[in-house]
Amino acid sequence: MSPMISIDNVSKWYGDFQVLTDCTTAVAKGEVVVVCGPSGSGKSTLIKCVNALEPFQKGSIIVDGISVGDPKTDLPKLRSRVGMVFQHFELFPHLSITDNLTIAQVKVLGRQPDEARDKGLKLLDRVGLAAHAAKYPGQLSGGQQQRVAIARALAMDPIAMLFDEPTSALDPEMINEVLDVMTQLAHEGMTMMCVTHEMGFARRVADRVIFMDRGMIIEDCAKDDFFGSPRSERAQQFLSKILQH
Amino acid sequence: MEFDFSQIGPSLPGLAEGMWLTLQLLALAVLGGVAIGTLIALARLSNNRLLSGLAKGYVNIFRSVPLLLVITWFYFAVPFLLRWITGSDTPVGAFASCLIAFMLFEAAYYSEIVRAGIQSISRGQIGAAYALGMTYAQAMRLVVLPQAFRKMTPLLLQQSIILFQDTSLVYAVGLMDFLNTARSRGDIAGQPHEFLLFAGFVYFVISFGASRLVKRLQQRLTV
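In order, the protein sequence lines correspond to chains A and B.
Its first residue numbered 0, the first sequence is counted upward by one per residue in numbering that gives the first Met the number 0.
Its first residue numbered 0, the second sequence is counted upward by one per residue in numbering that gives the first Met the number 0.
Everything labelled a hint here was simulated from the structure, so no lab data went into it.
Among the clues, some could well be false.
[To be verified] Pair ranges (Cβ atoms, derived): (1) B:Gln118 - A:Pro171: 45 to 53 Å; (2) B:Phe207 - A:Gln56: 53 to 61 Å; (3) A:Asp156 - B:Leu38: 33 to 41 Å; (4) A:Arg213 - B:Gln157: 47 to 55 Å; (5) B:Phe2 - A:Lys134: 56 to 64 Å.
[What the hints assert, rightly or not] In silico lysine-lysine, DSSO-like type, Cα no more than 27 Å apart, as pairs: (6) B:Lys150 - A:Lys134; (7) A:Lys240 - A:Lys222; (8) A:Lys118 - A:Lys71; (9) A:Lys134 - A:Lys106; (10) B:Lys150 - A:Lys106; (11) A:Lys71 - A:Lys28.
The C-beta atom is built at its ideal place from N, Cα and C for all residues, glycine as well.
Same shape as in the complex, but just chain A:
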């Protein structure tokens, strides 16, 4: 079976500066892959290439059989099928929580407002925030906003979910509430690609771990291999630094 996401020899430059160099990996249906690495290693850039939020100049990315880099591809349609969660939540501050959950369902997928509302509220309940439907994003804590953002992405019935450092902007006491939602999602069989520094989450939930440094994929292996015996020195250094605290 072909993978849900396949990344083949992808390179990307900002002007003369190369941010990604020949990145190759794949995510199978139902697989949970954690992407880690020091800041500036290109992991966020790579994950943003998957739904074409960032263009790339070389290589190819295929999502569910559709080529992301092909100029003929209907990018809005492709993106509507891939959920994404951002570091800074990016809920729409001028819209209520309910409207945040329904706007893309109605405007992009063409669902009826009632249907979209039911779906949105059901997902809001699932992330434990049913009581906040009428509020605005600014009235919620960071952890709550991020859970709403996950529900917003799920409302589109995505075939895969991309997480771009979903807990990096959160106060420590709010990290677990977001990771719990992600863990639950993984157990339900969602295909997930997560850029994160949460090695505890990677250990518990990931099937595979990708380690990046300076725009290259240095390690790409099963979770137990990565935590047991990373082959590269850079990954060992990274792990020893990050696992100290």
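With chain A's structure known, arrange chain B on it following the hints.
Leaving out everything else, chain B in the frame of chain A:
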């Protein structure tokens, strides 16, 4: 020199008609100016260099010529242009030609305000809109512009207060707005100075009052 304001009272209905025309001109010019200005701002911010260059040229030209010139030029040029396009005489009237002049002129100023408003919205918001499958037009219409306009409302209103005063320039082409009505009534009544003083007082009260309201709104929005 003694002032005699006795004729202003009986002239108030006529003056109100002039004010009505001024306000109509203002409202339509603001709506059209903001709409065109928004399109110019989007063009200016576009990745297409031809489009952004054209928008930049538009803004620079209209910000570098006097409004009075634009008004008179349109008054004479619009009927001429229409005749050239349609081949027959098409009367447009002073009101329509002034309205077009104001819309196009003010659009240059509004576009700079809207541009700053759009730029103040974080790139992440656009990314989130795209990630949900929105097109560029949807991302702008549903996510970016509503937030930008909320931030920009006080500045757009301030600019509109300036436009309220500038509508009096239609005097040049004989349109009977508030100022021109006051001048004409004053001449007829033999009290030209009194009527112009009164007109100035009315402009001041409306502009100053509106300006204070905008300031209060601004404070409420920032708190």
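**Request:** Hints the structure violates: just list their numbers, smallest first.
**Result:** Structure breaks hints 1, 8.
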